[in-house]
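**Q** Sequence:
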Amino acid sequence: MSPRNTGITLLAYAVLAALFRGLALSVPVFKVPFLGGAWLGWTLLPLLALTGGWLLWRGQTQWHWSPLTLKQFRRFRDIKRGHASFLVLLGLVGIASLDTLIVGKRALVVSYEGKLYFPFVTDVKPATTFGLKDESETDYRELQRQFRESKSANWVLMPVVPYDAKLDTPETIEEVVIRDGLTYRASESKPFDGRAYTVFRDKPGQKRQEWVFRHGVKQGDMMGWDADNELVEKAKFEKGERISYSDFTDGKAAALESQAGDQLFTVVYPPSPPSWAHRHFLGTTSMGGDVLAILFGGWQQAIIASMLFVTFVFVVGVAAGGMLGYFGGALDLIGMRLIEIWSVLPFLFIVMIVSSIVSPNLFLLVVIISLFSWMGTTIYIRTAALKEKARDYVASARLLGAGTGRIIFKHILPNSIAILVTLAPFEVSAIITSLAALDYLGFGLPPEEPSWGRLLHEGTEDFNYPWIVSSAFFAMTSVLVLVTFVGEAVREAFDPKKFTTYK
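For the sequence shown, my numbering begins at 43 and goes up steadily by one.
Hints should not be assumed to be uniformly reliable.
What the hints assert, rightly or not - Listed below are the simulated DSS-like cross-link pairs for lysine-lysine, each with C-alpha atoms no more than 30 Å apart in a straight line: (1) K113 / K73; (2) K122 / K193; (3) K113 / K429; (4) K232 / K276; (5) K193 / K249; (6) K175 / K122; (7) K208 / K232; (8) K175 / K232; (9) K167 / K157; (10) K73 / K193.
Because the hints were derived from the structure by calculation, they are not lab data.
Using the sequences provided together with the hints, build the complete structure.
**A** In structure tokens, the structure reads:
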């Protein structure tokens with residue numbers, strides 16, 4: 043793609059993303075800049091627009107890659123493990139950009155009374171829009187269940203994972219069945235222990251009777267309610283047999299039996315194991331959040347953080363390193379001493395102080411981490427600038443009258459770009475592990491934000507729920523391994539010593 047086409051694409055994306063945001067439309071792909079917050083999104087869009095405008099202003103018909111760069115790209119493609127890892131990461135980034143098309147609590151499409159609604163891109167729809175009495179935002183999972191139970195012509199299409207990544211903690215209700223005289227949860231093979239209840243046929247949200255079960259039989263208290271949620275009866279069971287009974291309505295409670303449904307239900311309290319029936323494909327956390335939805339949201343946070351972190355570190359590192367390396371002398375001496383002083387400041391203590399004063403968001407955390415991470419890139423670029431400025435081509439440029447800016451940006455930095463390309467994958471690994479570590483220690487994102495580090499912390503607190511820690515560990519390890527493979531392949535492809543022959 044030429045710079046002109048790239049510029050048009052970036053400009054169009056920035057304009058459409060701003061337009062959709064202004065119209066309160068959450069369109070997937072175009073809402074990606076705002077996933078880290080509104081302030082961050084409105085900061086990124088002008089930068090994208092300016093970059094697109096600059097590329098459009100240049101107006102070149104095609105990129106002019108040097109033969110050496112093209113040769114390095116071919117080397118990278120020939121390293122199968124790194125190239126395959128790069129394609130997998132691109133695919134994961136593409137999936138993350140789809141956002142609510144894959145993960146979210148809002149329905150993709152609702153067909154109600156012959157009309158189609160698209161809640162995942164429009165503003166909040168009250169439940170009264172779809173014939174419910176509640177004035178709050180529609181619970182589309184419950185709406186889907188009611189449409190199915192009533193066997194109406196209305197229908198709801200939910201995302202693949204119908205749960206939000208941010209503190210979406212729905213109550214999980216599962217059917218309890220009777221087999222060979224014992225009760226079992228529908229998803230388990232061992233006899234049921236816990237509380238199970240029936241509901242009114244005409245009022246499915248109201249309990250009719252509730253029993254305590256031990257080893258699949260009734261054991262303990264039974265309570266019964268009427269349609270107004272008033273306690274009307276109480277009983278006690280021993281090994282499945284009723285041993286006492288009290289009717290608080292002078293015999294009227296027995297008439298309620300015909301109004302109760304035949305099915306038994308139980309509330310599954312979190313954390314719950316993976317369940318295909320409830321579409322908790324990786325189970326839930328102790329707060330009731332869907333693990334897969336949290337992993338998805340954490341991956342989106344990691345992508346945004348990586349883009350911001352790499353941009354900040356490279357801009358500061360290139361500017362500072364290039365200046366120190368090219369001018370040298372007293373500037374280099376003083377600058378290196380300042381870098382050494384800054385590098386020994388206690389990073390974790392500063393994060394703890396900031397977290398105690400304000401609730402850090404993603405942008406603030408990335409800025410803090412970046413402030414303590416730019417020194418490495420600066421030192422690499424400084425070393426490259428020191429080496430390149432002693433080359434003959436720099437001396438020739440000076441003799442031809444080239445200015446300092448032209449020498450730095452047209453000659454020295456282009457010949458040092460391989461360093462940045464090699465460092466980029468490892469900088470991505472650094473920001474992902476840093477964010478996870480801060481969340482693990484409790485100094486990272488707020489509790490309602492999806493976080494891999496918080497999942498790891500919760501999973502290691504109690505290994506009785508292995509699906510939590512194993513999911514977080516597998517997701518984080520897989521991404522870091524893919525990024526490392528890409529980094530190794532880039533380093534090998536851009537290594538001049540490996541492919542240079544001296545004669």
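**Q** None of the hints should be skipped; say for each whether it holds.
**A** Consistency of the hints with the structure:
{"no.": "1", "hint": "K113 / K73", "result": "violated (37 Å)"}
{"no.": "2", "hint": "K122 / K193", "result": "violated (52 Å)"}
{"no.": "3", "hint": "K113 / K429", "result": "holds (23 Å)"}
{"no.": "4", "hint": "K232 / K276", "result": "holds (28 Å)"}
{"no.": "5", "hint": "K193 / K249", "result": "holds (22 Å)"}
{"no.": "6", "hint": "K175 / K122", "result": "violated (58 Å)"}
{"no.": "7", "hint": "K208 / K232", "result": "violated (33 Å)"}
{"no.": "8", "hint": "K175 / K232", "result": "violated (39 Å)"}
{"no.": "9", "hint": "K167 / K157", "result": "holds (14 Å)"}
{"no.": "10", "hint": "K73 / K193", "result": "violated (35 Å)"}
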